[in-house]
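Visitor: Read off the chains here:
Protein chains: 2
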Amino acid sequence: LGRVTLKDVAAKAGVSYQTVSKVINRTYKVPPDTEARIWAAVSALGYVPDQQARNLRSQRSRMIGYSWQSETPPETSSNVQNVFLTAMVEEAAAVDYYLLPFSHPVRDAHVEDYRRLIGSGRVDGFVLSSIDYDDRRLAFLLEAGFPFVGFGRSDPDLDFPWVDVDGALGLKLAVDHLVERGHRRIAFIGWPAHSRVGDTRLGGYLDAMRTHDLEPEPELIARGASSFEFGRDAVARWLDFPTSRRPTAIVTVSDTLAVGALDAARSGGLVVGRDMAIIGFDDDPLARMVWPPLTTVRQPLREIGRACIEILIRLIKGEPVEHRQILMTPELIVREST
Amino acid sequence: LGRVTLKDVAAKAGVSYQTVSKVINRTYKVPPDTEARIWAAVSALGYVPDQQARNLRSQRSRMIGYSWQSETPPETSSNVQNVFLTAMVEEAAAVDYYLLPFSHPVRDAHVEDYRRLIGSGRVDGFVLSSIDYDDRRLAFLLEAGFPFVGFGRSDPDLDFPWVDVDGALGLKLAVDHLVERGHRRIAFIGWPAHSRVGDTRLGGYLDAMRTHDLEPEPELIARGASSFEFGRDAVARWLDFPTSRRPTAIVTVSDTLAVGALDAARSGGLVVGRDMAIIGFDDDPLARMVWPPLTTVRQPLREIGRACIEILIRLIKGEPVEHRQILMTPELIVREST
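Heads up: the sequence lines are chains B and D, in that order. First residue of the first sequence? That's 30 in the working numbering, and the numbers climb one at a time after it. First residue of the second sequence? That's 30 in the working numbering, and the numbers climb one at a time after it.
Hints in this document: simulated from the structure, not taken from any laboratory. The C-beta atom is built at its ideal place from N, Cα and C for all residues, glycine as well. Where hints are given, some of them may not hold.
[As the list claims (entries may be wrong)] Just a few of them, taken from the derived set where beta-carbon distance is under 8 Å, the chain B residues facing chain D:
(1) Val112
(2) Phe189
(3) Phe257
(4) Met318
(5) Val319
Let the hints inform the model, and build the full structure from the sequences given.
Guide: Printed below as a string of structure tokens:
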């Protein structure tokens, strides 16, 4: 069984050798249907570009592909993503690599972007962000045997290199802190059901509550968009409850949600830090600029970025990786909101 | 006079042909002093890598280098820079290009990064951010004749393609709005003297004040770091003035400064929007999340990014560019802080 060549791909796609080369090297635009046919042939045949020829030419690309799921509009994009992107650019530069960032609005369309970047030899490996359950990118990259590291985990039984913050521990730190201060009716505002990070953090909240013999109440759990408005509206609804059913404290999964919660409490005539406690997550610069400054769970984004790059470079070089799955410990930063 | 070749560079640097190739193609690390010697030789000889050979291989890189001056630590970096970076990644992708981002803590060291990226054929052009007076990158790129566009202007007599927001107009919109609401003692918080953007915006403030027959008072002008703390401390000092000398309104050059100002006013027992008016700049997501929500001057970052990419692609293709210097109009977003 011979090696699959560019010519095999051309024959299968019914186009010329040159056209395949143009598409794979991304040097010219070809009609979309032609391009689709070529990538289908690449995929069907399991064609791998001539790595040896590419190596002769330039050894390695010294580029790392980095992608994340973009939100619309980008002006509302999470500051965590933005700060992480900047940190990754600098951590890559520190080991003499460049970052090649790209975003994807729809996860399914996204595997094509990875296939192209591999096919054209543009990158030596990937760092993946915005990972969720059943993430097609993971299956694709594992099958392709191409070096990558995830910022975040996926299905528990999927074994791949990742670095993540211990979000469940973060929520536990938040709940413990509130219980210590005498709170018992502690509400939770988090991301939608069936989101990987949302489930992990909700789990941390539920476990921590039960540890303190507090039964979490479904009416004090709000899950939805990670927006200022969602946090504000959730708290506004709770403030309409009779006093006995109202939460006295709120934990959230992002500072943006917490600032929304803070806004609703203030609108409702409460003094946050005295009448109600609110805890954020991220330690976004925003957290210390609002009034009262937010108690929050700090993510070590810089350290996560550095660990991702370190693992990836070892994978690229084929060196052994001692710790290929790293769960980083978050830190509770206590400020006036609690 | 023959074309300068890799061999000439090798001879001048006193290293082998292979070593020069490794450095220029950035495929291997060589000792720093050797690398410095090679780049010095490249520079001295005016060596230009064999563009034709490179073109044969891959026509264009389809990559755009994008750099900005990084702040330390990156967690405090301006959200404007972060949002612009994300917008640029997506605007480049829309025309089938990738962005190659890199940051530089010290401007002087930075020309080397540009030289390397050009030398290794990694990018087809650059978008420059964090531009200031006497920016060495501009002189270097103009001399090299390499395609680039600036997000921002430099010395008025330096002719290069740029896209910028009309910061002076932004300050005028802010001052006009405050004068309309009856304010006369309007203070200014901005960036340091001798910074290009800082001077432009201060100029806009001064002109607008004089248009309304208001003589700007030196004691009501604070220039320094673009931080929450600088904004807060400036206002705290003004609140110590006797009432007749206190400002009743404040214009700033960033939302971060404005939020600091807001914090000081609140600490001083003032209700912002009633006892004091404060205006930000940027329309950062932060602006609508603080209390009271900030009136601010919105920068059309997405449109600026799109225009930068459009001009650059034309320059790369050698196509005529109708508008190579575009001054975009900012918009005043009125909220409760005024």
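Visitor: Any of the earlier hints contradicted here, and which numbers?
Guide: 2
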